[in-house]
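Each chain, letter by letter, is given below.
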Amino acid sequence: MANDMMSHFELFQPTDLETAFELLDRWGDRGWKLAGGHDSLGWFKERIKQPQALIDLEGIAELRGIRETADGIEIGSLTTLTDIERDPMLRQRCGLLADAARRVASPQIRNTGTLGGNLCQDTRCWYYRYGLNCYRAGGNVCYADTPVAMNREHSLFEGSRCVAVSPSDTATALVALDASMVIRNSGGERVVPAGEFFMPEAVDITRMTVLEPGDILTAIRIPASWTDAAFYFEKVADRNAWDFALVSVATAMRLDASGMIEDARIVCGAVQCTPRRLVDVENLVKGRAPNEETAELAAAAAADGARPLNSNHYKIPLMQNLVKRSLRSS
Amino acid sequence: MANVLLGKNFTPPDVYGKVTGKAKYAEDFRAEGMLFCRLLTSPMPHGRVRTIDASAALAMEGVVAILTADELPEVPAPRAPILTNEPHYVGEPILAVAAVDETTAEEAIAKIKVDLEPLPFSVDPLESLRPGGSNARTTGNALVPQEGLKEIKWTAEDFAAAGEGKLPMGEPASTWSYGDLDGGFANAAVVLDETFVTAGNSHHSMEPRTAMAYWDNGKCYVHGSNQSQSFIVPGLANLIGIEPAQLVFIGENCGGGFGSKGAAYPIQALPALMSKKTKRPVMMRISRAEEYAVGVARSGFQGRIKLGFREDGRLLACDLYIVQENGPYTGFGDWNSAASAVSLVYTPEAMRFRGIPVLGNTPPKGAQRGPGQNQIATAVEPLLDKAARQLGLDQVAIRRINAPDHDSKYGRDQGPVTSAYMREALDQGAASFKWDEKQATSGQRQGSKVIGVGVGQAFHSAGANGFDGLVRLTPDGKLHIHTGVGNLGTYSYASTSRVAAEVLKADWDNCVIERGDSSRGLPWNLGQFGSNTSFTMTRTNYAAAMDAVAKLKAIAANDLGGSPDNYEIGNETVYRRGNPSRRLTYARAAQRAIELGGAYSGQEMAEDLNPMTKASVRGLAGTGLIGAAKDGLERTGMVPALAAGFVRIELDLETGKFEILEYLGVADCGTVMHPQGLEAQVRSGAVMGFGEAALERQVFDPEFGLPGAVGFYQAKPPSYLDVAVGMGAEAVDQADPQNPVGAKGIGEPLMGCAAAALLCAISDALGGHYFNRVPVLPDMILNAASGRPQSHKPLDMHTD
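Protein chains in written order, with this note's numbering: chain A, 9 to 338; chain B, 3 to 802.
Think of the hints as simulated: they come from the structure by calculation, not from any bench.
Some clues are possibly wrong.
Simulated pairs of lysine-lysine, DSS-like, Cα-Cα distance not exceeding 30 Å [unchecked claim]:
(1) A:K53 / B:K26
(2) B:K480 / B:K26
(3) B:K616 / A:K294
(4) B:K221 / A:K53
(5) B:K10 / B:K113
Remember, predicted model here, so these are calculated numbers, not experimental data.
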């Protein structure tokens, strides 16, 4: 039972990355990176996570900002969701991300919540959040995958042990945009495609991304090849504010001179523990006209392979319908 | 004569503090040497404490004391205890730790070892009624009126006879009926036999039930979060183990209660008891998650209803069975109230009710806005539409033909009502909403979106009598209106106080409302719950003001000659009729009252006043002219608050989501006292109703008994973006004959009518698909729209 009372920790507020890396290396898995805090503080108040040191990244100026680069757009990971939602250049050239950011949580949360935080947030499986010792928490059982479990918000795909889903709205958009994640640590920098940034539960069930304790996600790069495409983002949640997706869809589509679909990237959120890219559907629609017939065809294939749990089979038609809408309206 | 104050907008005095942030709530108070206490709560739905080892915690620096159930008087079952060695729900307090700060207290709790023996539990009433089903308590699973806690199991035959998906109807705990039920069904053109479920839900009060307490000079001071003021004093004093006169209760503001803070509640006594033990002031803040546990919840229903309609839609017969999810303790009478509501709102010519409250290991159940009435509105109203479809009737028409009027009868005793304008509310609403025009758009498609319209009704009894009024004119010319009703946040404490000013023809700027602290001399009043304040408190304030008027005239006659009958009041003076120059100002009269003493200034008082009022009058004696009287006005019937709601939505068949395009609520609340206050109630009630109908979650894992909604984001009360932008608010504005100013209450049905209207609109958009449950969530709508089966079974109490 959450007691709304954090345990003690040491707070560090570095103003440059080098200091942050030093702190992260020093504290290792006893340390915790803090951005907007909307995910972290919940864990702390519930005393389920009790790090000994908080490394607050908010003061590191170089982690903020939206820049046009030679081959696309680069966004600092500490840029707020409100800044992304309102940035005129992003709205014009990369509306998919701006739309996704606009549907995150509530205005108050978006004002301080960051893009990096939204991407790296932990899953919202209520059993896991309750503090139960499930697979994801290091135990050997999944409470959400029983014949009577309350798993309406859980996964349709994968989920061999853990059936929690990716909660991030912007993750779905960034995979569709073929973005790259810039990761730095004290040893240097590596760039990981967004599609490989999120951790499949079959690989490591205890974390949501490939980030190691010493790593910082410093920037997100969106390639010019996918800016200015036709976009569609839709998130269906119970509430229209301050809620996580039941299913979301992010579609980026480019048409050729004859108006046919030259290329498309279609990604669904909240259906497995990583954003689910629908490669088969993408291949299916390439070369076809973006019309009702193509949309219906895509919808029919969208949820292939789904293995619903006892209370989430509605996600199948929801996923199909969202994919259909995305191709009708992009 | 036209009212000067009543029916007009004004700014209630507590608004300033609320908009500037200066208003103080229980958590904002501090006292010298104050300790903080935290709770160790049960991690399991039912268990028994074997041992508690607190040695490591007590050895910590800054830890002052631990309080356990062993140190408190035992409470007879099924009353809820303050602390317990046999927790009956997840989050139930087992012990409390007091320390110099909250962090230390929490660290101490982490060091306490509690060995708990798990016991069988139940989170679904029907499962507990099955042969061999688990009991929520070791001593039973059902509460029977007059008998108390019992074990009741229905037979395998009961379950088999019902068939799949239908509520079995075994041995009830209570039954009543009137009229010729069989004859009614025999003559019916359409008979519906429907099983339904209404899930319980939490109250989501913004302010958790924090309390701070200290002892001084033999008195216990408690700063608490309550809807009510005077009403809670005897109950809270009893929980603390003192006489009511020893308790000073301070509760000027309450950050929402919705019924959950109407009476004294056990955990509220804990800081006082810890303070007694430690001899220091103690603050107990309750976390959001704890509030979802100890903050009680609305009871859920598993029900079955058989309705027989004549060809013109008239309801001839109704057979209702309700299994109430009661929580582990006393619970609340939702089940009976629901049945009584059916008897009035739909006026069936014959009716039978059977019901049983079944205990469960979920948070304790208590009153929530329209307890019983609002659940049953969500169950019955869509069925009226279903019958109307079969009979080829309009949705408003079938409600109109069954609507109650002044001659309608109420409940098992079929007693009278004071006034009922439901038909007028339906007619006014239909006209304002342009129902016929909107109804014609029902089913219109635009892409994947379809229009649905709905109308809903709800009721709550809304008035009491026999409580006391107390007013005081002081030599500075001020009229002090002492009100003990409390301040839930509806401003009705202020609008009802204006009756005293109206009667005394006092300038509102010269009035002071005395409230929020029992040491200010407050009368005995009913609590601020049950939509009763407008009716009850206008009467008490009227009675007290009339007493003051009589005393003004008597003082004038004494000083200026003649008899009291020769005098009138006006312009804050009492003057001789025909010779206004012979007059006393209120200020002068107040001074004279002090000089004359006796009943004029409270040294003597009416015998029939409540002891609490008498004590207050004694405390105020000699400070001015005292008007104090018990409301002895006539009341010969139940006072019905009635409401009708109209809604139009656009439902997306591809997502299961809907947008509320417009809403109108119409209140039968008697004469409108405070238009702005009423409008706020109509709209906020609707918002809460939309949550009940189609958003809020109260989730329990049936295997582990764990609660899945312990935060706002999990429980999902409506957000700003989930409700209509513009919501209309109207009132029939017809006086109730048994209130001196025509007022009746209204708060509760304004939620139920909106919830019902929204459910009806969803079903309408789906072409007549009825879910027979609340909440109806997007997954259910999408499954229905896609022709897929629902994930839940028809009788599942909790859906995800």
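For B:K10 and B:K113, compute the direct alpha-carbon distance and say whether it is at most 30 Å. 58 Å, violated
Given the hint that B:K221 pairs with A:K53, does the C-alpha gap stay at or below 30 Å? 36 Å, violated
Under the criterion that the straight-line Cα-Cα distance not exceed 30 Å, is the pair A:K53, B:K26 satisfied? Distance ~25 Å between A:K53 and B:K26 Cα, so the pair holds.
Compare the distance between the alpha carbons of B:K616 and A:K294 with 30 Å, and conclude whether the hinted pair is satisfied. 86 Å, violated
Restraint status (C-alpha distance of B:K480 to B:K26 at most 30 Å): 25 Å, holds
In this structure, the earlier hints numbered 3, 4, 5 are contradicted, and the remaining ones agree with it.
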